[in-house]
Amino acid sequence: MKLRKFFNLMFAALFVLSLLPAAALAQDEPATQPVATIESELLDALAKGPADFVIEMAEKADLSKAYDIDDWDARGWFVYNALQETAERTQARAKVYLDEAGLRSESYFAGNEIYVWAGDLQAVNSLAALPEVAVIRQPRTAYVDPVVSDEPVTSEGINAIAWGIDWVEADLFWTNFGIQGEGVIVANIDTGVQWNHPALDQAYKCPANPTDPACWLDPSNSCGGTVCDNNGHGTHTMGTMVGDDGALQIGVAPGARWIACRNMDEGVGTPASYLECFEFFLAPYPVGGTPAQGDP
1 MKLRKFFNLM
11 FAALFVLSLL
21 PAAALAQDEP
31 ATQPVATIES
41 ELLDALAKGP
51 ADFVIEMAEK
61 ADLSKAYDID
71 DWDARGWFVY
81 NALQETAERT
91 QARAKVYLDE
101 AGLRSESYFA
111 GNEIYVWAGD
121 LQAVNSLAAL
131 PEVAVIRQPR
141 TAYVDPVVSD
151 EPVTSEGINA
161 IAWGIDWVEA
171 DLFWTNFGIQ
181 GEGVIVANID
191 TGVQWNHPAL
201 DQAYKCPANP
211 TDPACWLDPS
221 NSCGGTVCDN
231 NGHGTHTMGT
241 MVGDDGALQI
251 GVAPGARWIA
261 CRNMDEGVGT
271 PASYLECFEF
281 FLAPYPVGGT
291 PAQGDP
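Letter by letter, the sequence shown follows residues 1 to 296 in the working numbering.
These are calculated hints, taken from the structure and not from any lab test.
Even for Gly, the Cβ is constructed at its ideal location relative to N, Cα and C.
A few of these clues could be false.
Computed Cβ-Cβ distance ranges for the label pairs, DEER-style [claimed, not checked]:
id: 1; residue 1: V268; residue 2: N176; range: 40 to 48 Å
id: 2; residue 1: S222; residue 2: F177; range: 36 to 44 Å
id: 3; residue 1: Y97; residue 2: D71; range: 38 to 46 Å
id: 4; residue 1: P50; residue 2: A74; range: 38 to 46 Å
id: 5; residue 1: V168; residue 2: R93; range: 22 to 30 Å
id: 6; residue 1: L172; residue 2: P50; range: 54 to 62 Å
id: 7; residue 1: Y97; residue 2: A142; range: 24 to 32 Å
id: 8; residue 1: P131; residue 2: T240; range: 42 to 50 Å
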């Protein structure tokens, strides 16, 4: 009897001891949290010191119902409000962290992203631990070379069309449907636009006030408050859209009107300038503007 009792006690003791490593391991193991992807390029940059980065939130606004809304104003408001609500809700904790850390940042509802200036590795790791965050990446900078033309564009007569119009058969569309873009506003995010170019001035939405904030935005504010294009690329692409100087038609929609956002200063664009332009087109400025301001 005594021997049996001894073995029972030994078995119980060994059983308890076998549990101790697992229990200790469970206490030392941190609680698991979703961790965002941190791009390796950003980590390389942070190893050298503070660096700018972009926080991309995981949730994107569901805009599918917009396709069922026929009224243009109602559709615009639906998209605008859905983007705003999603960004405000999902960015809240990240914005609080950035403010408390004293980091300069800018929130964008277009794309649901936050641009951060001069952040460090600790900030990136802390933000990556938030389940609302999907990716933290290094900013991409876009470049475009100036437009250089060795030969002037000439027409063969009044109402001639450029070769590109014929090549994409835009003229056949005009003939078959009887429209050339009337009632539509187009826009470009580019190096700016020479608004009074002979092929573009007739289509600018705000000719009486070229710098009207409902028609023009320059996030860099490097044009001295005027509408400008110090590269030529934006003027060129706007010409492809609406260009018509009365003699030569170069635009596929010469009946449309245009607005513009200059996101590339001297041919250089950043994620922050792109996102600011996207938001401008969703609800043209001034700040507090509405989607209805984008109507023709």
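### Task
Could you work out which earlier hints the structure fails to respect and list their numbers in ascending sequence?
Of the numbered hints, just 5 does not hold.
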